[in-house]
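K.L.:
Each chain, written out:
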Amino acid sequence: NAGVTQTPKFQVLKTGQSMTLQCAQDMNHEYMSWYRQDPGMGLRLIHYSVGAGITDQGEVPNGYNVSRSTTEDFPLRLLSAAPSQTSVYFCASSRGTGRAEAFFGQGTRLTVV
Amino acid sequence: AQTVTQSQPEMSVQEAETVTLSCTYDTSESDYYLFWYKQPPSRQMILVIRQEAYKQQNATENRFSVNFQKAAKSFSLKISDSQLGDAAMYFCAYSRYSGAGSYQLTFGKGTKLSVIP
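So the protein sequences, as listed, match chains A and B.
Using my numbering, read the first sequence as starting at 1 and increasing by one per residue.
Using my numbering, read the second sequence as starting at 114 and increasing by one per residue.
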């Protein structure tokens, strides 16, 4: 009964480094998304996907890249990390209907120094 | 763009008392959904309650209930008989159709609730 699994839980990067945050879900959900959470800002949508092979930008997409090759996986890539990307990142999945509950991973706390 | 406003950054309540968290939203849509999510210190996001805009009846889940005022675009959360485990950050969220058969969630900035023993 894994739900949404995010790895890693914590990460420290140097400015300019790249990395990939992993997200996997085992509920066969079509809709997956990435959010970042900053103090006093709530959760803001970075990118989302409505199914394998289909992705789109959210509210704050700059500096991030995504792909969706399978229904289960939705990795988030930081191309060249900047201190402004220090945040807690959440992956979520849902059935994609209006009333559907979003299931979240445990989050990744990323610090860019 | 749709916005969700939570005007109370922090609130506190005595254990066993009742507290109401406020949320307003801005939309021109007639069909949408509203949610309250809870985030305890563990960081895990947990659905508390949801409301369909087409339903006039306010949603209730055990000690949690909402006051949904569609015309006023208001969606407050009432927690009755508050417990220590209710201490968390609470996020109001709005779900709207975003095309291609999908819906997007927009979150408010959150209200941090403390429960005083």
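Heads up, a few of these hints could be off.
[Unchecked claim] Subject to a maximum C-alpha distance of 20 Å in a straight line, what follows is the list of computed EDC-like cross-link-like pairs (lysine to aspartate or glutamate):
| id | chain 1 | residue 1 | chain 2 | residue 2 |
| --- | --- | --- | --- | --- |
| 1 | B | LYS191 | B | GLU128 |
| 2 | B | LYS225 | A | ASP38 |
| 3 | B | LYS222 | A | GLU59 |
| 4 | B | LYS191 | B | GLU165 |
| 5 | B | LYS168 | B | ASP144 |
| 6 | B | LYS222 | B | GLU128 |
| 7 | B | LYS222 | B | ASP139 |
| 8 | B | LYS168 | A | GLU101 |
| 9 | B | LYS191 | B | GLU142 |
| 10 | B | LYS186 | B | GLU130 |
| 11 | B | LYS222 | A | ASP38 |
| 12 | B | LYS183 | B | ASP144 |
[To be verified] Now the stretches of chain A that chain B is said to cover, found in silico as 3 or more residues with beta-carbon under 8 Å:
| id | stretch |
| --- | --- |
| 13 | 21-27 |
| 14 | 33-44 |
No lab work stands behind these hints: they were computed from the structure.
Quick caveat, the model's predicted, so the values are computed rather than measured.
Built from N, CA and C at the ideal position, the CB exists for glycine as well.
K.L.:
Evaluate each hint against the coordinates.
P.N.:
We went through each hint and held it up to the structure:
{"no.": "1", "hint": "B/LYS191 x B/GLU128", "result": "holds (14 Å)"}
{"no.": "2", "hint": "B/LYS225 x A/ASP38", "result": "holds (14 Å)"}
{"no.": "3", "hint": "B/LYS222 x A/GLU59", "result": "holds (14 Å)"}
{"no.": "4", "hint": "B/LYS191 x B/GLU165", "result": "holds (17 Å)"}
{"no.": "5", "hint": "B/LYS168 x B/ASP144", "result": "holds (10 Å)"}
{"no.": "6", "hint": "B/LYS222 x B/GLU128", "result": "violated (24 Å)"}
{"no.": "7", "hint": "B/LYS222 x B/ASP139", "result": "holds (14 Å)"}
{"no.": "8", "hint": "B/LYS168 x A/GLU101", "result": "holds (17 Å)"}
{"no.": "9", "hint": "B/LYS191 x B/GLU142", "result": "violated (25 Å)"}
{"no.": "10", "hint": "B/LYS186 x B/GLU130", "result": "violated (26 Å)"}
{"no.": "11", "hint": "B/LYS222 x A/ASP38", "result": "holds (9 Å)"}
{"no.": "12", "hint": "B/LYS183 x B/ASP144", "result": "holds (11 Å)"}
{"no.": "13", "hint": "21-27", "result": "violated (count 0)"}
{"no.": "14", "hint": "33-44", "result": "holds (count 7)"}
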